[in-house]
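The listed protein sequences derive, respectively, from chains A and B.
Position one of the first sequence corresponds to residue 1 (this note's numbering), numbered consecutively onward.
Position one of the second sequence corresponds to residue 1 (this note's numbering), numbered consecutively onward.
Think of the hints as simulated: they come from the structure by calculation, not from any bench.
None of the hints are false.
Keeping only pairs whose Cα atoms sit at most 25 angstroms apart, straight-line, the calculated SDA-like set for lysine to any residue is:
1. A:Lys-146 x B:Ser-211
2. B:Lys-56 x B:Gly-112
3. B:Lys-32 x A:Gly-101
4. B:Lys-32 x A:Thr-60
5. B:Lys-229 x B:Glu-206
6. A:Lys-146 x B:His-207
7. A:Lys-146 x B:Arg-124
8. B:Lys-104 x B:Glu-24
What follows is each chain in one-letter form.
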Amino acid sequence: MNTQPAHTIILSPIEALDRVLVDRIRGELTKVFGFPVKIMPLLDDLTFALDRQRRQYHSTLILEVLDREAPPDALKILGVTGQDLFIPILTHVYGEAHLGGRASIISLNRLKEHTGSGSPEKEYHERAVKEAIHELGHTFNLRHCKDPACIMHYCHSVADVDRKSDHLCRYCRTLLKDEIERLTGR
Amino acid sequence: MGTAKILIVDDELIMRESLAGWLERDGHRVDKAPSGEVALEMLEKTRYDILLLDIKMDGMSGLEVLKRVHENDPHVAVVMITAYGSVSTAIEAMKSGAFDYLMKPFDPSELGLLIEKIIDRQARDLETLFLKEEYRERTRFESMLGQSRAMQEVFNLIEDVATTDSTILITGETGTGKGLAAKAIHSKSPRCGGPFVAVNCGAFPEHLLESELFGHQKGAFTDAKTSKKGRLELAHDGTLFLDEIGEISMRMQIDLLRVMEDRIFYRVGGTQPIEADFRVIAATNKDLAQAIRDRTFRQDLFYRLNVISFVMPPLRDRKEDIPILAEHFLRRFSQESNKNIDKISREAMDEMMLYEWPGNVRELENAIERAVVVGKGRTVQPEDLPIFSPEHRTMPVDKSLQEIEKTHILTILEENDWNIKKSADILQIDRSTLYSKIKRYGIRRPD
Chain A
1 MNTQPAHTII LSPIEALDRV LVDRIRGELT KVFGFPVKIM PLLDDLTFAL DRQRRQYHST
61 LILEVLDREA PPDALKILGV TGQDLFIPIL THVYGEAHLG GRASIISLNR LKEHTGSGSP
121 EKEYHERAVK EAIHELGHTF NLRHCKDPAC IMHYCHSVAD VDRKSDHLCR YCRTLLKDEI
181 ERLTGR
Chain B
1 MGTAKILIVD DELIMRESLA GWLERDGHRV DKAPSGEVAL EMLEKTRYDI LLLDIKMDGM
61 SGLEVLKRVH ENDPHVAVVM ITAYGSVSTA IEAMKSGAFD YLMKPFDPSE LGLLIEKIID
121 RQARDLETLF LKEEYRERTR FESMLGQSRA MQEVFNLIED VATTDSTILI TGETGTGKGL
181 AAKAIHSKSP RCGGPFVAVN CGAFPEHLLE SELFGHQKGA FTDAKTSKKG RLELAHDGTL
241 FLDEIGEISM RMQIDLLRVM EDRIFYRVGG TQPIEADFRV IAATNKDLAQ AIRDRTFRQD
301 LFYRLNVISF VMPPLRDRKE DIPILAEHFL RRFSQESNKN IDKISREAMD EMMLYEWPGN
361 VRELENAIER AVVVGKGRTV QPEDLPIFSP EHRTMPVDKS LQEIEKTHIL TILEENDWNI
421 KKSADILQID RSTLYSKIKR YGIRRPD
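So that you can see chain B by itself, here it is in the shape it has in the complex (with noise of 0.2 angstroms):
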């Protein structure tokens, strides 16, 4: 069974106390409210999956509560709690769009089915959207390009680390080029023969991760109509790139662990043993050292990883390498455009190298395709830059806050390639709140 994030609103201590700790031992991520007032402030700050509502409450009553959230988020299962004779008022929420209704003292394995009901159909939902992002994921950065002094060191590095088989960890911020050191290290290693397999660890769910990476025999859950391989098999005399792997759960990181000391693994619902031979680069934008001591990220596994380590300098760093990257962008994105766009004004230019970027290389790639889509002449002008023109630094007046915070969305959105991992994590709010957010607005990805 998956967990969810479940916020109890009940105006009785006593009752919020003894559900919470009975969720709490299911793995559940819970938080309690006395009241519907305080329960909606929450709601305002944070996105649950699941809500526990009782019914009848001093103040607001919880009929008034769900039309509320519903109205801010229909994505959110509310399961309706009440008393014995009350059971009328529970069929009126369920008509309003609560999930279920459950009645006080409920059986301890009616609570646990329901909920888990309500995981599985949320995680169906959700895979729909997470494939379609692996999916389309695009590969852009396709070469590696700097002539500063902290990018030569890397270069040197890359060099050095290529020709042993030592599993190597890439830290540095987004948008830095991870993953491009890590493939450029596969094709100068002895293993540039065999494949790159490169696996998106925050992108999946828990359950889908652990398919994906060991795959699975036909009927090991629902629905696994056909035997499939993971990338572990398909790695098999390559190289595993485990992208975000700061991002992978408890469970996750003690099976690989067992991968990593003797590369021996079982298909999920598999009894038998899988050998692959295949070097580790794993990659992350996380302090893994802050995770340990937080206990959400195993000490064993990060000296497993971390044998040889060196972390992508940010672009505001080598500030030097903006001209080259920029003309080189310029040329690529002109080219695939059939557009006649050669030149970077000199203004454009300054603006350039006076930003920090933030999203690094992958956001300055961005800004330049953008401004092929977007320029007039031949030659790239700071107007072509839209975030950087003055009229667009400050904020509009004629905008609601709905739409200004879709635009934002979208950008955040495009200057990291729709990884919804990243973009959640610049935004500051959980994945599922920013699908529910994509939802809502009816935002979507140009083909």
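So that you can see chain A by itself, here it is in the shape it has in the complex (with noise of 0.2 angstroms):
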């Protein structure tokens, strides 16, 4: 039997992905959210999601095998993948989430085209860590924000991804602080 501590979030690395990125993204969503971030894989094969015309992932379809797999007291759930995702009705996600739910997903597929003068892997690690704080803010039923500069901000493109911060504005984090206390009862 699973005895994970309740208030924990799950990061689960699909396929083998750099282990100094997913130290840093751990380390950014613990400070972010304030919960201790367990790294635990959930999933290491994604054919069941593979869309054979289009050569991309349903990322609505992982979201819900990570839901079902992760210890029923994980508190939210990201998964970060290396593949391209897809929803149906679009031609590529950079991440998908259940707004106000548990599980989320990032794809670092399209983060790795190099715009910047600085070091590509430092950008793409930047990059990575955003997405990730902002699908997981999604299950902390935060929508996307106005403020371009917010990390909840819906990007374009990666230079979009690159100009905003890697933090919350302050209307965001007042009702992110809300769900919290929601959540925890606090």
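Hints are included, so try docking the two chains, each in its own frame, into the full complex.
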């Protein structure tokens, strides 16, 4: 029987991912959301979600499986994959989340495009961290924010991701605090 | 980006679900219909800002739905969703009045930008109407009258609270005189030498209310050609009256809470903190305790506002005040219109005493104004109060549904002093639907 402590966020790398990046995401999620983050692979094969024609993976199906496979007392789950994700109506998505629910996922696939003048790896890691906080933020009931500097701002491109900061604006911070208080009964 | 009420019409469940989930993350309110027939039924009951409509569906086609939608409400923006290879049909739809089309699967940014464009355009259309309404708002409610025990208690309360500097929350039904009570408190308070600045929070869309309250810096948004002081700044040393406080968005609630805590704020697009010293009086006809339970109103803001609170009694609970109020309004309107009407007949007064006055004192005021306009003699008769006369209590049998709707909307608007929010609440439709009907029926406010 699983004995995960309540209020733990599960960070679930799908396939083998850069350990440095996974650790960095873990650290930032702990800082922003204030809950312990445990690294726990829940899935190693995404074939069930593959659309062979599109050569992409259907993120909604992956979310359902992540939610099902996670320990019942996990507060939230963030899956991280290197595969390209889609939902049927759109060409691609950087990530998807159950708004106010448990599961979220990000794709690193389109974050690698090098656009800046600095280190490509640094640029890629920063984008991944921002997307991770963004998608997990949705599970805490945060919607897209109109402030272009807020991490909950919806980005049309990696350049937009680069432009936004790595923190929540004061509105989203307040709404997150409210949601955490509601979840923990504090 | 603003948010919209969107209806997705697609016969494929997976398309409806994935699009709905995506749009909800942007804060839009989304409904789904599996067919054109169901969509038209939903449109009968609810008004949507945007329709995302699949062209090729089993049963009624997207083009047919588009035609029917625009017959009923030409202001709904319809975006056609088309598959690869049916672009010619999409172009046909554009000629029939569709706003735009998207070819599926579409790029997420393409969808976001298109929705943003629609919201901006619709907001600009509404803005003109909202501003007109705000500037024209009449403040005929110039004095408070009443000998009833309920009103005596209100007068005593006003005397007691006026001298304090505490925040006050006034609740009560529409038309009971909450704004008037706020003015009375201000005029008896040590701040009476300062301004009384009123803001009807329900009359503005969110982005306009933000700039209205906090002001803006030049260039903060496209139309900000010059810097402008907000009402908070204008209320310095005086009283800020926030009417319909229950209508403000969660974002605005966070801003207001901060202002109430430290009296410091920033203009939209501004970086300099501005300090202002004002007393806040807020009013609402909403049940804020229920709104807190529904998570649409912040508890911490409620506690900040509800330091002292009182309820304005409805007119039906103080019917003994009807004669004095009616005579007061009669004197005023006959003077204003230069008509020699100076009495109210016993029968007319009996009718007024029997009536329940759901629109409270404002409804009574409007009824007397109308009586003065239509009255022939020196005395107001029951038939001068058309809403009480028997022939107006039954529905006319020779009018179309549209004529009856137009007349009813006009009556409600007049009884609520053309307050769009209150009228929409009474009619149980949203504001944009009301605006759309006003436009469609060519209803005009008398100057």
